[in-house]
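There are 2 protein chains.
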Amino acid sequence: MSVLQTDLYTLTMADTFVRHGRDDLVSFEVVFRRLPAGRSWLMVAGVHEAVQALVDLRGTADELAWLRADGRFSPELVARLAALRFDGTVWAVPEGTCVPAGVPVLRVTASRVQAALVEPVVLSVVNYGTRIATTAAEVVTAAAGRPVYDFSLRRLDGPAAGVETARAAWVAGFAGTALPEAGLRHGIPTVGTMAHHAVMGHGEEHEQDAFAEALADHPEGTALLVDTYDVERGVRRAIAAARATAVPLRGIRIDSGDLAAEARRARALLDAAGLAETEIMLSGDLDAPAIARMVADGVPVDGFGIGTRLRSGEPLGAVYKLCAQHDTDDPELRHVMKRSPGKETDPGVHQVTRRSGRDGQRPAVEHLIHLGHEAIAGTPLLRPVVRRGTPVAAALDLAGARAHAAAERRMVEAGARFVPASRSPQLMALRDRLSHPAALSPRDALVVVDVQHDFLPGGALGVDGGDLVLGPIGRLLDAARQAGATIVASRDWHPAGHVSFAERGGPWPSHCVAGSDGAQIHPALDLTGATVVDKGTEPDVDAYSAFDGTGLLELLRERGVERAVVCGLATDYCVRATALDALDGGLRVLVVTDAVAAVDVTTGDGDRALDELRTAGAALATAP
Amino acid sequence: MSVLQTDLYTLTMADTFVRHGRDDLVSFEVVFRRLPAGRSWLMVAGVHEAVQALVDLRGTADELAWLRADGRFSPELVARLAALRFDGTVWAVPEGTCVPAGVPVLRVTASRVQAALVEPVVLSVVNYGTRIATTAAEVVTAAAGRPVYDFSLRRLDGPAAGVETARAAWVAGFAGTALPEAGLRHGIPTVGTMAHHAVMGHGEEHEQDAFAEALADHPEGTALLVDTYDVERGVRRAIAAARATAVPLRGIRIDSGDLAAEARRARALLDAAGLAETEIMLSGDLDAPAIARMVADGVPVDGFGIGTRLRSGEPLGAVYKLCAQHDTDDPELRHVMKRSPGKETDPGVHQVTRRSGRDGQRPAVEHLIHLGHEAIAGTPLLRPVVRRGTPVAAALDLAGARAHAAAERRMVEAGARFVPASRSPQLMALRDRLSHPAALSPRDALVVVDVQHDFLPGGALGVDGGDLVLGPIGRLLDAARQAGATIVASRDWHPAGHVSFAERGGPWPSHCVAGSDGAQIHPALDLTGATVVDKGTEPDVDAYSAFDGTGLLELLRERGVERAVVCGLATDYCVRATALDALDGGLRVLVVTDAVAAVDVTTGDGDRALDELRTAGAALATAP
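Listed in order, the protein sequences are those of chains U and G. Heads up, the first sequence is in the UniProt record's numbering, so the first residue is 1 and it goes up one at a time. Heads up, the second sequence is in the UniProt record's numbering, so the first residue is 1 and it goes up one at a time.
Just so you know, the hints here were simulated from the structure itself, not pulled from any lab data. By construction, the Cβ of each residue, glycine as well, lies at the ideal position given by its N, Cα and C atoms. There could be a bad hint or two in this list.
As the list claims (entries may be wrong) - Interface residues of chain G toward chain U, partial, derived using beta-carbon atoms under 8 Å:
1) P120
2) A161
3) E205
4) P315
5) R588
6) L590
As the list claims (entries may be wrong) - Reference listing, derived: stretches of chain G covered by chain U, where coverage requires no fewer than 3 residues with Cβ under 8 Å from a Cβ of chain U:
7) 57–69
8) 216–222
Using the sequences provided together with the hints, build the complete structure.
This is the structure in structure tokens:
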């Protein structure tokens, strides 16, 4: 593939990766999230084409010149692309494997620039190959042993798709293709009959001449196309032409009309003429259900040609998702998970293990998705197909893929049920941990700021809606205890006549005087296991942050805490100050937005404080 | 294109053409017979790709070696293919033209080998380009002036279709593509935003960092993708990133969720931040109806990205049909017509002339299909795009196609009605003449054999079912008179005691004695204008054929008759003999199978006689 055979944004992003030194090792996985209606499996193909594209990744001189002239790309990027060769590793399920929705079928592990650049091409060929193989496998099953041939070239989205189409259909069990190019490239058997124009060129009165010529020139077995004018007459002329030329009539093809009825009539005529060996091939808008009906009805047919309907229907929608960043030690960034509802991805690098069982009388096929390092009994499906830029020939062997697909088809034909894919407990735990930003781990500290009576409605310095934080903070406390996170609760713990009070020229009324009722943390919060830190305890020193003069940072460092999850009162003062100090102290910070409240919601100070925190590097999220 | 990028049968047929010296000049036309449900026009594209493929037609060394090694092809064919360069002529409607069903949109006139070989590729690219342009034109109309971009690469049937897709969409009015390769090949503007993984790589807490990087590296206008986690938060972070980097926020993109609702929320946030100029781009499974709804609902959106649905839906089914064989003088073979019911084609080489009119208040667009040599007022649509192998650059100009498509789109947007295509009287007459083999012309002679009382049921030598021929023969007589064909009626006109009678040892009872009632032609047949010839008039000479001793052949030659259309009684004796004599006399012969009857249907003699005639070169057909 060419470096320009991508979406422009992969180049602009690559530019950024290169400029910022972030061309690190990452993994992307290809997953069919959903299957088309009515399907419980897809037969995977297109892996060969994906590997080919990766291995051929190049920028030619005119392509690099275009990038240079465009003006949007840095010289560093262009230099990088000029030297680019794919040196990554790819794992994939063997072509011909039937998989349920949701399992990774291919993984690219490569430098970020390479892995991002190839996304559209990898998706295109895996989506397409898999769609063709799946349709073809169904057709082969429907044909119940009769050969099926690929006649699709003229119906494809451009002739370049021809070889891939023929190959995917061949993997799935087709007996050959009409495309000579696929014969050359992959050794797939090629077949051909004749076109209507070869008959029309002679005129209706001389249809038999057209047949006689075709037989004489290709005695090895051209199937005569008998439906240009009238099928019955065509069959009689085919018989006559075979007699006249003394060439055995290997086959006839019928491409229009009521195929079943015409096939029966043709069979009767052929048999009456002593040509019981002459085969009848049918084509023309055939698909698996139509073929299955003919077979069930005992229509005398010996083979099928599939064109239009080999590639009809909607394209598949596999996605290619970043799942791991190998060069980071940050556990949140190492295993990458997309959390959008309905579009969640599995974090980490995976293996898929197949296990066979029974579902009552039916065979059942189970697929377990798990982390790559887990040892699971069964057959692992993902195997290396490219190692550090070099294809693994054995994994891409065409005959092997075809044999494997045949075994898979037999399993389906035996009535096997595809159980929806499941996930290992370790993977589920990782998903849970990453599925919400406010989900807590032992490396987190939950910092509950100043949820004291005086800051709650009715208190000396009551915050509007301050009581609304009690529910979310309660949930956070429970979660933190469960996760083994550090729990910290801060208090304003002022001496009487504190410097911040109005009586001394400060901005606030007297509040949270040490030991007073107003200074008590609201009893709805269960502080079991919490470390309470008091601040503003010096009469002449003001302090908003829970880190200010409390030794909290040292405490968290001792415990190996990496992230402060901050909640409490009030957003625009003590929460803000605490979060900023945590960032300054080198911690990552998450502010839980429904577990904080601002002094006065009408001023917008609370929103501005959150904006400021975000800009400073804090994450914002709601409570789990 | 490669000589192997075809259906195998074009090669086996080419082999036959080459061996038999029939690589003569022929024309094929591409026609969309039917349009998809709900459409009254298609916007034609893919012509450029067809021309490119033709001009690039080549056989490489490995391809020719494959042909040689295959064993099915003659050395003459391989030599021919090795030297093959397209030197034919192609006419096409300008890309971007909207056409109704049934009109020829492209014609290839070339040697038979060339014209046949390129069929699959020509069909594939014209079908595909036209499908994309038609969908794209509808999307552009729906977007009502907002730019639309091609994001389809990853959803295509292989990446090789990317450039053609981008080009067809650009012709139809798209504002650009995400595919850099299309920028290089055709100068189409390329656009890109950013991918989810560029954000996910930073982690949710640092979404703003991802935005800031993208803005700083590409201040010329990357649209920030704001829906990786939460759209509202994403928009706030995009605004913050623009502030932090002091780079103007040119645009944001939303790719998931309720696009209309998210766009409204995003617009409000942007406006509140003073970013009224920041554009909102939407993408994600959008098609023309969805876009039209958003526009009608006043959703604040400034542009659309189209991926999956640019190429969804069923492929178009254009056909490529032989319409003319230029090197023959035989009028039946010169203009080729396919007559299969429902699949009729227009014989001859055509032009399509557009005429604009009104349908009440609506503009109406009419397309007349006519023979190429007819002078018809209006705008002829088919124009040369390749002359004797050389592309006509002006006819393939991309900017011209885009401007033309814009005019066509405006016509559609103005409510123009596409009247179903009509045919000129001359073309209709040619269709009529060729539409049935038994249709008659002034160069035909209708020969009605012996429909005499004695051969009809109840007669001395009554033929089973002989009366069933009266209806078809009556119709043939009417048609012959209308067409100005020669009409001949033959009679057995024996002297009493004729040598063929049983009384003299002959095979037959006494019959058709000259002047007797039994010798009269059935009065239901109107013989106005017919020449009656009598045979078997010598007592000692038997005669079955209407040509035998009657001077009929000389008569027909004098009148310039080229074909004898034979009907009457009985198939296995006088009809057979008459038809064989006509063939011997150098005439073409058509036997009208429902206007003949055999002496005894149980023996199969009638069928055998028809087989014999067919083998001898006669055509068989039923009466019109």
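Outcome of the hint check:
no., hint, result
1, P120, "holds (4 Å)"
2, A161, "holds (4 Å)"
3, E205, "holds (3 Å)"
4, P315, "holds (5 Å)"
5, R588, "holds (7 Å)"
6, L590, "holds (7 Å)"
7, 57–69, "holds (count 4)"
8, 216–222, "holds (count 4)"
Consistency with the previously given hints is maintained throughout, with no hint failing.
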